[in-house]
Amino acid sequence: MSSDALKQTELVVRTIAETAVENEKYFGDLDAVVGDGDFGYSLARGFEKLLEGWDALDRTDVGTFLKKSGMTITSRIGGTSGPIWGTAFLRAGIAAGDSAEISGEQAVAMLRASIDGIKARGQSDVGDKTLLDALVPMADTLEQQLKQGRSVADALTATAAATREAAEATKDMVARRGRAAYTGERSKGSVDAGAMAVAVIVERISQVWSR
Amino acid sequence: MSSDALKQTELVVRTIAETAVENEKYFGDLDAVVGDGDFGYSLARGFEKLLEGWDALDRTDVGTFLKKSGMTITSRIGGTSGPIWGTAFLRAGIAAGDSAEISGEQAVAMLRASIDGIKARGQSDVGDKTLLDALVPMADTLEQQLKQGRSVADALTATAAATREAAEATKDMVARRGRAAYTGERSKGSVDAGAMAVAVIVERISQVWSR
Amino acid sequence: MKKFVNDPKAFVPEMLEGLALANPDTLRYVPDYNLIMRADAPRDDKVSIVQGSGSGHEPAHVMVVGKGMLDAACPGDVFAAPPMDYVYETTKLLASPKGVLLLVNNYTGDRMAFDMGREMAESEGIKVKVLTINDDVAVKDSLYTVGRRGVAGNFFVLKAVGAASEQGAGLDELIRIGTKVNDVTRSFGVALTACTPPAKGSPLFDLGADEIEFGVGIHGEPGRERRKLSTADAIVDDMLEAVVPDLPYRGGDRVALMINGLGGTPISELYVLYRRAHQQLADRGITVGRSYVNEYCTSLDMAGASLTLVRLDDEIDRLLAARAEVAVRVF
Amino acid sequence: MKKFVNDPKAFVPEMLEGLALANPDTLRYVPDYNLIMRADAPRDDKVSIVQGSGSGHEPAHVMVVGKGMLDAACPGDVFAAPPMDYVYETTKLLASPKGVLLLVNNYTGDRMAFDMGREMAESEGIKVKVLTINDDVAVKDSLYTVGRRGVAGNFFVLKAVGAASEQGAGLDELIRIGTKVNDVTRSFGVALTACTPPAKGSPLFDLGADEIEFGVGIHGEPGRERRKLSTADAIVDDMLEAVVPDLPYRGGDRVALMINGLGGTPISELYVLYRRAHQQLADRGITVGRSYVNEYCTSLDMAGASLTLVRLDDEIDRLLAARAEVAVRVF
Ligand SMILES: Nc1ncnc2c1ncn2[C@@H]1O[C@H](COP(=O)(O)OP(=O)(O)O)[C@@H](O)[C@H]1O
Ligand SMILES: Nc1ncnc2c1ncn2[C@@H]1O[C@H](COP(=O)(O)OP(=O)(O)O)[C@@H](O)[C@H]1O
Ligand SMILES: [Mg+2]
Ligand SMILES: [Mg+2]
Ligand SMILES: [Mg+2]
Ligand SMILES: [Mg+2]
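Residue numbers (the working numbering), protein chains in the order written: chain A, 1 to 211; chain B, 1 to 211; chain C, 1 to 331; chain D, 1 to 331.
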């Protein structure tokens, strides 16, 4: 990434938060199909809190900023999503450490750290029909694109497309984690709410980045 | 009437009972508009009981038969209708006494006794939007017709027509008694369930009589 | 119709049988008269307290038979007053030398059945009195001589006379107490949906998605008027506006406040209503001394709620606070 | 949406505020953490019993805080486990030298929040343990490692440990008791309608007029399968067929039988279900020693019911029978 890594991190986090708030109803409706419909509400309320305290967040470095964001999220988002999303932010922050600059490689490493955190926290993996089924393809594509020397903006465009495709593909999966798993085979036929949220967020990040 | 007054009384009572049982849903739906919807059910269950014990009813004379019927009705029909209809049968029975033959004049007197009983029991009168608004025009027409020398069959045909007209006319009335009264002005616009039940019953009696 | 029901005609007896099976030590069930009575009633040293009415208002009245409450309840079918015979037979079974008190919510059918039942029992030498309850301010008393309906406020009358009779009060004393409680009790109800009697199989009225019945009774009959759905707070304010000036309840009064669910409304919503009512009363200088938030007198599966106020004095407070035991245990 | 609600976002806090206003002497409300606690908690001579979970299951769990039951409850928003911070802060506030027992219904979100909260509290030297409840046989344990859900059977665990802790039992002893009760408890639920979370404003799923969700949970998620609506008796038979062989409950067993309403079903229907269940168990030689018919753990306004069995022994029987005091009084 660039020397103003903090600014870019802020942009990404802010975009995540705003997307979550704006899509409250859509994300909730997705969760209602085979879940309990609170996913959109939980994310929106949590990220609202993050935005409320936005200016006061500790900006010592990228790592600290992400960790503080993660703590706000964990403390304010309920349901499964609080611990899951909070862990993702915390782990990304730990991976960033106190480095002033964030390379593309490091950004991917932070993403991988988030994914590992979610897997550990959720005792889940790719194929369980969760947000991991969007996050992992997303990280793979981003890594690949950056390795191929694409600009961040181009890489993000490609990543957004791949992530949406992956999220759509959760439709054919049977849920093995989360509330949707209780419905067994009936969970087939609708996309996973968490995965689709990731796709929508990445699309927004890609758009915002290009501006 | 004729010398087989008991047979005719049985026919009338039986027709009332059968009509009530067959019109359970219709009468109930009428009561649902501004009442509580139980009128059809109450009548049907009560008259079912009367029909169940039909053969064992004391047939000493017309008066006894009607009184026993009234007691079954009072003891088995709940709601407002039990006391109201039971009282009607009781009073008719008392008016009949132990006379073996029932003249047309006496039949009208029995009807008047029923009406007075209902008025006393219900503290109600013509104009309150109750079954009285069908019963009183019915008694009036029957009396008139018989006085004019019509056959019972013809008198009943005319009475049935007048009773239906009277029942339909309750539509424009505001209820002042019974549950419908709680809705005040809103009770306007629909016929009274009890009045319409009387009309349907008289029509059936008229039909059966002519057979 | 989406209900747990077998033959609709058997709905009430099956419910009563279930109630009796669940309370074998404390309750007795007499199927012939829909009668649910305390296993230890009648007692020579205690006036028997009896209530009947239509079914469909559970837990009222069959599920509040127990120590310090009713000695017996004889319900009719759904929304139909019990036939007079049930009242008469129940009164005979509950006859105590100290007497029988029949509690009657003010409806034409109920009054007739209980008056006739009382007369018949009296003619056999049974000491029996009738106490009529009429707390519903949604019905204007003057317009129709049948007068106000008895609704959820009924609970306070029965709780008070139940406690007093347990403490040995005589029949006249109970009439005094019950009348006094009834005189300071006012209720008002609102329905969000109609209810569905099992035998009818469809809702008793149709309400638009944004409509409520304002001033509704407990028998699925429509209310005083139809209004637009508003917020919980606005609805509470409107209910208070109908109830408070009626007695009136004044600043300095101590009251019992009941938010009664009509059957289909979850208790979470009832507490949202309670919150506003409590705060608004406080703003008027009226102190809530006792609170009641639950289902007391329902209208089958109707979504809705009623609000009841009782002006407390020391005697009423003490009687309401007395221990009671009923079939409807929560925990 | 036909509900008594103001701003949907304020639904849970307003409900909790109402609850606190209605019980000023016995309950304390800490808005920052959705916390409802006994006014006299924590006590040095007693393990604090705490339950959290999503809201929307009332009276569980906030309305069963009281003597012999919970010392505190910290709910999340509707159907959302509380954020980890609520658990952590609640645990700190309830810390007793004898320890804190956190009761958790087995859901991913709840387990994560309570595990994290426990870890953080432990790191500050607080003695705290987690007990997980998983009584729902509608979810096959083997297929998904998250395992069975905790549903209405939760009540029996909390009642038992609540009573035992009141009698002075230590943390390990409570874990033993709670585990034992959970191990002999099985539940199964059926929905006639979907529920409507206030923030969503529309039902969570669509059910045909003659369809039911069979094996439904308490969060409005669809059930194991969709079936045709049948009679109350047939539905009870199907529920028993799922529950009885699972433990299994056998002839000669004494059980507690609970029919739990899911929020929109009136208690009259619950007793119709109870009747059949009681009779069918008797036919299998299983004696109902304790009966529970009411709402214990709801799913907002969902029409439906669940059936729970607990195999009783003397210890469990005694703990369930112990006196308890909660906010949800009926009479
Ligand atoms: N064990 C898990 N590991 C990772 N992600 C999960 C897990 N369980 C659920 N999720 C994700 O969380 C989303 C649902 O979040 P949320 O509605 O907050 O959970 P719930 O209401 O079930 O507690 C799902 O769509 C899925 O993407
Ligand atoms: N006071 C009264 N006097 C005479 N008839 C009455 C009176 N009140 C009601 N009715 C009649 O009874 C009918 C309703 O009967 P029913 O449904 O059994 O009463 P409810 O359900 O109100 O107790 C009304 O349609 C009316 O004709
Ligand atoms: Mg969810
Ligand atoms: Mg009626
Ligand atoms: Mg009626
Ligand atoms: Mg949830």
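Keep in mind that a hint or two might mislead.
To be verified - Within a straight-line C-alpha distance of at most 20 Å, the following computed SDA-like cross-link-like pairs (lysine to any residue) qualify:
no. : chain 1 : residue 1 : chain 2 : residue 2
1   : C       : Lys67     : D       : Met1
2   : C       : Lys46     : C       : Ile175
3   : D       : Lys9      : A       : Lys119
4   : D       : Lys2      : C       : Lys127
5   : B       : Lys49     : C       : Pro203
6   : C       : Lys92     : C       : Lys127
7   : B       : Lys119    : C       : Gly147
8   : C       : Lys228    : D       : Arg290
9   : B       : Lys188    : C       : Glu173
10  : A       : Lys119    : D       : Asn6
11  : A       : Lys25     : D       : Arg290
12  : C       : Lys140    : B       : Lys49
13  : C       : Lys67     : D       : Gly201
14  : C       : Lys2      : D       : Met1
15  : C       : Lys2      : D       : Ser230
16  : A       : Lys49     : D       : Pro8
17  : B       : Lys119    : C       : Asn106
18  : A       : Lys25     : D       : Gly201
19  : C       : Lys9      : B       : Lys188
20  : B       : Lys25     : C       : Lys228
21  : C       : Lys2      : D       : Gly147
22  : D       : Lys46     : D       : Lys92
What the hints assert, rightly or not - Covered by chain C, according to a simulated footprint, are these stretches of chain D (three or more residues, beta-carbon under 8 Å):
no. : segment
23  : 54-66
24  : 252-265
25  : 313-324
As the list claims (entries may be wrong) - So the derived label-pair ranges between C-beta atoms look like this:
no. : chain 1 : residue 1 : chain 2 : residue 2 : range
26  : D       : Thr179    : A       : Ser103    : 49 to 57 Å
27  : B       : Glu18     : D       : Asp317    : 53 to 61 Å
28  : D       : Thr287    : B       : Asp116    : 55 to 63 Å
29  : C       : Glu315    : B       : Ile94     : 25 to 33 Å
30  : B       : Lys25     : C       : Gly285    : 22 to 30 Å
31  : A       : Ile94     : D       : Pro245    : 46 to 54 Å
32  : C       : Glu124    : D       : Gln167    : 34 to 42 Å
33  : D       : Asp44     : C       : Asp317    : 31 to 39 Å
34  : C       : Asp183    : D       : Thr179    : 34 to 42 Å
Treat the hints as calculated values from the structure; they're not laboratory data. Built from N, CA and C at the ideal position, the CB exists for glycine as well.
The hints, checked one at a time:
1. C/Lys67 / D/Met1: Violated. Lysine 67 of chain C to methionine 1 of chain D sits at ~41 Å, over the 20 Å cutoff.
2. C/Lys46 / C/Ile175: The given pair, whose Cα atoms are some 14 Å apart, holds under the 20 Å limit.
3. D/Lys9 / A/Lys119: 31 Å, violated
4. D/Lys2 / C/Lys127: 48 Å, violated
5. B/Lys49 / C/Pro203: Between lysine 49 of chain B and proline 203 of chain C the Cα gap is close to 27 Å, so the pair fails against 20 Å, i.e. violated.
6. C/Lys92 / C/Lys127: Holds, at about 10 Å.
7. B/Lys119 / C/Gly147: The given pair, whose Cα atoms are some 17 Å apart, holds under the 20 Å limit.
8. C/Lys228 / D/Arg290: Outside the cut-off at roughly 45 Å; violated.
9. B/Lys188 / C/Glu173: 44 Å, violated
10. A/Lys119 / D/Asn6: 39 Å, violated
11. A/Lys25 / D/Arg290: Violated: lysine 25 of chain A and arginine 290 of chain D sit about 44 Å apart, past 20 Å.
12. C/Lys140 / B/Lys49: 38 Å, violated
13. C/Lys67 / D/Gly201: Not satisfied, since the Cα-Cα distance of roughly 43 Å exceeds 20 Å.
14. C/Lys2 / D/Met1: 19 Å, holds
15. C/Lys2 / D/Ser230: 10 Å, holds
16. A/Lys49 / D/Pro8: Holds, at roughly 17 Å.
17. B/Lys119 / C/Asn106: Given pair lysine 119 of chain B, asparagine 106 of chain C holds - Cα atoms ~19 Å apart, limit 20 Å.
18. A/Lys25 / D/Gly201: Given pair lysine 25 of chain A, glycine 201 of chain D holds - Cα atoms ~10 Å apart, limit 20 Å.
19. C/Lys9 / B/Lys188: It is violated: about 31 Å lies between the C-alpha atoms, which goes past 20 Å.
20. B/Lys25 / C/Lys228: This hinted pair is violated, its Cα atoms lying about 31 Å apart.
21. C/Lys2 / D/Gly147: Not OK: lysine 2 of chain C and glycine 147 of chain D at ~31 Å, beyond 20 Å, violated.
22. D/Lys46 / D/Lys92: 15 Å, holds
23. 54-66: holds (count 6)
24. 252-265: holds (count 3)
25. 313-324: Violated, because only 1 residues of the segment 313-324 of chain D bring their Cβ atoms closer than 8 Å to Cβ atoms of chain C.
26. D/Thr179 / A/Ser103: 49 to 57 Å: 51 Å, holds
27. B/Glu18 / D/Asp317: 53 to 61 Å: About 55 Å separates the Cβ atoms of glutamate 18 of chain B and aspartate 317 of chain D, which means 53 to 61 Å holds.
28. D/Thr287 / B/Asp116: 55 to 63 Å: Holds, at about 58 Å.
29. C/Glu315 / B/Ile94: 25 to 33 Å: 48 Å, violated
30. B/Lys25 / C/Gly285: 22 to 30 Å: 53 Å, violated
31. A/Ile94 / D/Pro245: 46 to 54 Å: Holds: the Cβ-Cβ distance is about 49 Å, inside 46 to 54 Å.
32. C/Glu124 / D/Gln167: 34 to 42 Å: 53 Å, violated
33. D/Asp44 / C/Asp317: 31 to 39 Å: Distance hint for aspartate 44 of chain D, aspartate 317 of chain C holds at roughly 34 Å.
34. C/Asp183 / D/Thr179: 34 to 42 Å: Because 55 Å falls outside the window, the suggested range is violated.
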